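Use the sequences and the hints to build the structure in full.
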Amino acid sequence: MELNVKTLFLVGGIVMTCGAGAALLTWYHHRDAPGLRAWAAALLLSSLGALILRFPSAASSTWIVLAANAVIVAGFAVLWTGVRQFNDDSVDARRFLLLVAAIVIAYLAICGAAQSAGAGRNAASIPFSLFLGLLSSGAAYEVWQGRHRDGLTSRLPTALALAGLGLARLVRAATLALQSAEWLPPGRVAEFHPYTLYATIVFVLATTYGLVLMANESAVRRDAALFADR
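Going by our numbering, the letters in the sequence shown line up with residues 1 to 230, in that order.
Treat the hints as calculated values from the structure; they're not laboratory data.
These numbers were taken from a predicted model, which means no experiment stands behind them.
Yeah, the Cβ is synthetic: ideal placement off N, Cα and C, and Gly gets one too.
You may find that some hints are simply not true.
[What the hints assert, rightly or not] What follows is a set of in silico ranges between Cβ atoms, one per label pair, in the way DEER data are often shown:
no., residue 1, residue 2, range
1, Thr-17, Val-104, 21 to 29 angstroms
2, Phe-9, Ala-102, 27 to 35 angstroms
3, Ala-58, Ala-117, 16 to 24 angstroms
4, Ile-110, Asp-32, 32 to 40 angstroms
Here is the structure:
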């Protein structure tokens, strides 16, 4: 099966925008649902970053690409910190912002060092996929750990979807690293790229569905408890 990268980017943008809308709509009706608001923020920031990358001047400016990628990294930092906040009561608004800022600064510092060292564009793209992979994997862990608080059975598929998303981005980082080390030919990495993009889109959909399931399951349990007390 042959996949077109430009088509996948377009589909990915549509999926992220619609997913953010679905998450926000569900959160509007279930304000205490874990992870929904953070996931919506991650998708909206990712859509904004992808839109910046579509600017004509982005192709010739490494700084515009870096800024767009930093916006996307910030979105996934919000995701990880948001689901962690549900499990850790010590994460208040101030600490939330500090954690997100620290992650973005660390990303910019690594990318700045890579550019100063004369790394190529592919080598500079490694930290981007690496950060997304680690943050998604961290969010998967936090979602799974939250079962000790509410015992939601829908946490398992949601955590697996986030873990799959993290794995897809880590695989992308690994292939870019192998290409930079000249262990993989550039053509092979380019052939593999559409499949990681496709997997990313699938897991974004699965994560959105999983978080909505968690919100609905939590609401059903709460309503059942209210009726049981009558």
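Results for each hint:
The hint said 21 to 29 angstroms for the Cβ distance between Thr-17 and Val-104, and at roughly 22 angstroms that hint holds. Our hint of 27 to 35 angstroms for Phe-9 and Ala-102 holds, since their Cβ atoms are close to 29 angstroms apart. Checked against the given bound of 16 to 24 angstroms, the beta carbons of Ala-58 and Ala-117, roughly 22 angstroms apart, stay inside it. A C-beta distance of roughly 36 angstroms is found between Ile-110 and Asp-32, which places it inside the suggested range of 32 to 40 angstroms.
The structure shown violates none of the earlier numbered hints.
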